[in-house]
Amino acid sequence: MSSFINTLGPVGWTLLALVPPAIVALYFLKLRRQPLEVPSTFLWSRTIEDLHVNSLWQKMRQSLLLFLQLLFVLLLILAVLRPGMEGEQQLVGDRFVFLIDNSASMGTKDEQSDRTRLEEAKRRVLEMIDQMDSGDVGMIVTFSDRASVTQQFTDNQRVLTSKVNAIQPTEHTTDIMEALRVASGLANPGQSAFEDGDVQVADAKPATAYILSDGRFQTITDFSFGNLQPVYVPMGSFNTGNVGILAFSTQRNAEKEDELQVFARIARFGPEPSEVTANLYFNGELLDVARIQLDNEDGTGGVQFDLGNLDVGKLRIEIEHEDLFPADNIAYAAINPPERAKVLVVSAGNDYLKFALGTDQIRRIADVTLVDPDFLKGEDYPKEAASGLYDVIVYDDCVPEVMPESNTVFFGQRPPVDGWKFSEEKVLPQIIDIAQSHPIMSFVNLGNVSIYKSASLEFPPGGTTLIESDQGALMAIAPRKSFEDAVLGFAFLTSEDDKTFYNTEWTKRLSFPVFVKNLVEYLGDVKQGQGEMSIRPGENFNFRSNGFAKEVHITPPQGRQRTIVPTADNLFSFGETDLLGTYEVREGDAKDVTQYFSVNIFDVQESDVEPKAEIETQWETIEGQSAWLPMRREFWKWLVVLALVVLLIEWYIYNRRVYV
1 MSSFINTLGP VGWTLLALVP PAIVALYFLK LRRQPLEVPS TFLWSRTIED
51 LHVNSLWQKM RQSLLLFLQL LFVLLLILAV LRPGMEGEQQ LVGDRFVFLI
101 DNSASMGTKD EQSDRTRLEE AKRRVLEMID QMDSGDVGMI VTFSDRASVT
151 QQFTDNQRVL TSKVNAIQPT EHTTDIMEAL RVASGLANPG QSAFEDGDVQ
201 VADAKPATAY ILSDGRFQTI TDFSFGNLQP VYVPMGSFNT GNVGILAFST
251 QRNAEKEDEL QVFARIARFG PEPSEVTANL YFNGELLDVA RIQLDNEDGT
301 GGVQFDLGNL DVGKLRIEIE HEDLFPADNI AYAAINPPER AKVLVVSAGN
351 DYLKFALGTD QIRRIADVTL VDPDFLKGED YPKEAASGLY DVIVYDDCVP
401 EVMPESNTVF FGQRPPVDGW KFSEEKVLPQ IIDIAQSHPI MSFVNLGNVS
451 IYKSASLEFP PGGTTLIESD QGALMAIAPR KSFEDAVLGF AFLTSEDDKT
501 FYNTEWTKRL SFPVFVKNLV EYLGDVKQGQ GEMSIRPGEN FNFRSNGFAK
551 EVHITPPQGR QRTIVPTADN LFSFGETDLL GTYEVREGDA KDVTQYFSVN
601 IFDVQESDVE PKAEIETQWE TIEGQSAWLP MRREFWKWLV VLALVVLLIE
651 WYIYNRRVYV
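Reading the sequence shown from the start, the letters are residues 1 to 660 in the UniProt record's numbering.
This list has only true hints and no planted wrong ones.
BS3-like cross-link-like pairs, simulated, lysine-lysine; straight-line CA separation at most 30 Å:
#, residue 1, residue 2
1, Lys612, Lys109
2, Lys453, Lys499
3, Lys314, Lys550
4, Lys453, Lys508
5, Lys342, Lys256
6, Lys354, Lys383
7, Lys499, Lys354
8, Lys508, Lys421
9, Lys342, Lys481
10, Lys314, Lys256
11, Lys426, Lys499
12, Lys426, Lys508
13, Lys354, Lys256
14, Lys377, Lys481
15, Lys426, Lys354
16, Lys499, Lys377
17, Lys550, Lys383
18, Lys256, Lys508
19, Lys481, Lys550
Honestly, the hints are just simulated from the structure, not real lab data.
My request is simple: use the sequences and hints to build the entire structure.
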């Protein structure tokens, strides 16, 4: 929008307005004629001609100098008015860090421009790079759940442009913290140049950090911007709605263990729709269809499909709804081949434990080997323990000299691992809480259980208390390398006055076989055909080979097959999980699939695609703004230059005696 600025007062404008009339008056007052002697017969005719020439219109019509002088003054008057236009400036400063969000939600399309948010972010950054002056330097950082320095500080605009154009979208979730730490580390002193053309950062200099994102990330905590001046540029249209799948999994029917069930949870973000249609596919063929009602208050809804005794294969669910973020409209799962756990139980005289391990449920999911504690001193145990032959080993009131390459359970004894400590045994501890959310304690009720003597536990870092008493932790589980050790602070049998008796009546309760089954399923990593727990894009998938394969072959949803080898403890880790879908795992030379695993987004922050108008930090709120900051574009300088040009032309005509 054009505008003028009043720079003079009334007196100044009055004096300035008198200048053009004064020029015209002076022009007529300085009329000069060369006196000539003429014959009298010509006197009156020349006089009449002079009067005709001195008429106002004739004089003005023939004077170019008068028009140039008036034009010069008019241009000066306009320059004093300071005409201008409200424009926009893109960059502030001379050092810039462009943080570009390329997470899953940045694939959302803008209804107005028909571009994705990432495409719009790249377009804006390219415009800002184009505005960089000579000597300005810029850096490109992309981020999703991890950060990547696409280009170090450089003043080469061509390089910056090519790096921005090369940025690709991902299906990853969003975490800005790593990107901010990377940007701060590179913007502050001590950073070295890495490539030709990179500008080395030697001193602490201010830099402007442009964050181009939809803001779908956590509050920024434990971070100081320091020399970075953050500018948040929201990407996407506000009031954008979406429907997405937040969970999709399979499990055994609790009442009919030979049958499978599928569960899915759908969420609506925005006012519409109130219901959606979900299509379930098995190995690419439509298996079932369901209508899902979405709650009016929280916008969520669930669906359950009964699969019966469906065989091994891939599952896919799709919701029929057109929205701007289609990536979360599809989810994947699979029915894995059944796997049985290999369990070694080292115990002497505990009939209730042997009974719990001999139930039909345990026989269906595990191969159990019972041995006496003397087995630990034999020749076979060290070899079997070191080879990882067993998925889980249960030590009932006994301790091995060396920990095995497997998960373990200890009843009444401390494992020979740093970090585990037993306090002095105390009588009649009272159970006050159990971790029912943990799979080992699922459906385990200890409300009517009494214990005669028990020691409270201290466990290594990263451990979890499973049973809490008024004297401390009675049971805990903690990691050890890639394994887990579960420890119970009391034995089932105890001795006193040369008499052996049961230390607790828990072994007589219905919850005890449930507890033992949970131990076998969880630590034995039992898969009864249910779908593997889904991971998010970019996460590592870790697993062990049942047959101690020297290598496994993983086939992603698209692309070539990958081959990986295990670590020393028979652990395989696969990190190339950027594609959504179901991955196939084959061990060694096996032609059939050994197991499946699926990659899904399943993230509320990504599915709730409405951009945030501001981003929160621990200390302040950063308001979203356009990348273009308001700036007035002044035209008065150009008017002054034009006035000087007019003055030079007038001077040339006068001195060259050019008359028109």
